[in-house]
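Going down the list, the protein sequences come from chains W and R.
Position 178 (the first sequence) corresponds to 178 in my numbering; numbering is contiguous.
Position 250 (the second sequence) corresponds to 527 in my numbering; numbering is contiguous.
Be aware that one or more of the hints could be misleading.
Label pairs and their computed distance ranges (CB to CB) [what the hints assert, rightly or not]:
no., chain 1, residue 1, chain 2, residue 2, range
1, W, LEU16, R, SER463, 55 to 63 angstroms
2, W, THR260, R, LYS413, 48 to 56 angstroms
3, R, GLY434, W, GLY30, 31 to 39 angstroms
4, R, TYR361, W, ALA91, 22 to 30 angstroms
A short list of chain R residues far from chain W (calculated; beta carbon distances all over 10 angstroms) [to be verified]:
no., residue
5, GLY296
6, LYS308
7, ASN338
8, LEU343
9, VAL347
10, ASP362
11, ASP369
12, SER403
13, SER522
FYI, nobody ran anything at the bench for these hints, they're computed from the structure.
For every residue, glycine included, the Cβ atom is placed at its ideal position computed from N, Cα and C.
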Amino acid sequence: MRRKFYNGSMKFFMYLCSFLTVALLLFLMGYIAWRGLPHLTWQLISTQTSHRAHTIGILPNILNTLYIIIITMIIALPISVGAAVYLTEYATNRKVVAIIEFATETLTGIPSIIFGLVGMLLFIQLMGLKSGILAGGLTLVMMIMPTIVRTTQESLKTVPMSYREGALALGSGKWYMIRTVVLPNAIDGIVTGCILAIGRIIGESAALLFTAGFGLKLNSFVKSLQSSSATLTVALYVYASEQGEIDVAFAIAVILMLLTLLINFLADLAGKKLRKA
Amino acid sequence: MTDDTEGIILSGTIVSVKGLNLWYGDHQALKNINVDIPQNQITALIGPSGCGKSTFMKTLNRMNDLIPGVKIKGDILYRGQNIYDASVNVTDLRKKIGMVFQKANPFPMSIYDNIAYGPRIHGVRSRAKLDEIVEKSLKDAAIWDEVKDRLKASALGMSGGQQQRLCIARALAVQPDIILMDESTSALDPISTGKIEELCLQLKEKYTVIMVTHNMQQAVRVSDFCCFFLLGELIEAEDTKTLFSMPRDKRTEDYVTGRFG
């Protein structure tokens, strides 16, 4: 009798927990949509803020987000994939590899504001860049590289040894083997890693505050590299806390939420579509 | 060894192994191996698991180089050239000494691309030339008729036996001199095994075949020359008939008659 009561109450408790989780998520999404959607107008996303006309537009911030994704990925992708290939295919000292893997793992857990601080000191004060997309992008490179390295490594490890042996036994050089047999079979993991990294870039704000800046003006790609440019998340912060434009902030939140959904959907799709055999 | 088998080995020696020792770390896996492998014949390497026969075979195309902690001493002369010489290009060596593995390992690409993989490594780019090589290799591996209508299909959709013959065709495509087969039929059914054995008998007209096998009947059926390994030592190397009917060593006799192993 007691056991039955115990089992029943535990089951109810678990039920409650999962219900709360789902309900909270739905409430959050619903609330953001309810507050933000009415203010998500074409004017908002297609113009820049004008003080003379007293209108607010977030086109510059949408573009800045896009620019920072491009800059960050162009730099981070080759370096990270290269590092992962080296660690899994070439490095022979297992101890060193284990230490590097531990270090990359640790780096993924460091609060992003610290990356922002280091980025500011390194790129702006030391290297003399002006705050902008370039300094912000370089900071994000440091931040997302561990993610891409780890996912690429995991993906490379799933490529069967027998493929490598088969290629080498035919007289293939090591790099030829990696290029033709290993990388094509690890592409699903690499792409998934990149998409998740892009998700982190879109969602990042703390690391960009000191490095990419708060600028809300529309700039060309080249100009934005070296002039203060707020991405969507930073713009959300600026509009909400400094200008009291809560409605605009919620409209941006809707865009970010949709982007996050899209990113996760794409990551899922890429993982499924690109996997061979 | 040559003295004992005089008159039976008609062709010359293609690989001559002299004083070969191999260590994995502290463990000595091969102990002073001396043997001459005959050209255009099928040589079977037999012995119980862990006796060093696979290790020995992998020294012939230097696949052991890939394992960390391997130390090799001694000479392996392939057509008079020491393959462990610093001047030897491993890529060229493996082109000459091809290998088929225990488990069929086609690449996850089309049948055509699997066969063309080797020639492409070695710089064959012309489509017509590749077409020709693919057809010839598949014919030589006796699988052309089964796959000629689906060369663009994935190799992973083939049956296990077909995959293994595809791997043989892939090895043939780089025009090797020697083909190493590491228990290449052990994962196959008797019919597929039969096809591959038949294929080996055809292959020896053009190539030298060296196979590791656990199947004593297979060694008797297909091989001309046989090496018996035990605990890292080469106990006996003879023409197959002699080794199975009149083994000189008691341990060989015990193994081939099934008393252990």
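The hints, checked one at a time:
1. Judged by the Cβ atoms, the range 55 to 63 angstroms given for LEU16/W and SER463/R holds: they are separated by roughly 56 angstroms.
2. The given range of 48 to 56 angstroms is respected by THR260/W and LYS413/R, whose C-beta atoms sit roughly 55 angstroms from each other.
3. For GLY434/R paired with GLY30/W, a C-beta distance near 47 angstroms fails the hint of 31 to 39 angstroms.
4. Checked against the hint of 22 to 30 angstroms, the pair TYR361/R and ALA91/W passes, with Cβ atoms roughly 25 angstroms apart.
5. Look at GLY296/R: its CB is around 26 angstroms from the nearest CB on chain W, clear of 10 angstroms, so calling it non-interface holds up.
6. At roughly 26 angstroms, the least C-beta separation between LYS308/R and chain W is larger than 10 angstroms, which holds for a residue marked as non-interface.
7. Not every C-beta of chain W lies more than 10 angstroms from that of ASN338/R, the closest at about 7 angstroms, which undercuts listing it as non-interface.
8. The beta carbon of LEU343/R is not kept farther than 10 angstroms from every beta carbon of chain W, the shortest such distance being approximately 7 angstroms.
9. Every CB of chain W lies more than 10 angstroms from the CB of VAL347/R, the least distance being 12 angstroms, so the non-interface label holds.
10. With a least beta-carbon separation of about 17 angstroms from chain W, ASP362/R lies farther than 10 angstroms from that chain, consistent with its non-interface assignment.
11. Interface exclusion of ASP369/R from chain W breaks down, the closest Cβ pair being 7 angstroms apart, not more than 10 angstroms.
12. At roughly 18 angstroms, the least C-beta separation between SER403/R and chain W is larger than 10 angstroms, which holds for a residue marked as non-interface.
13. Even its closest Cβ contact with chain W, about 35 angstroms, leaves SER522/R beyond 10 angstroms, as expected for a residue assigned away from the interface.
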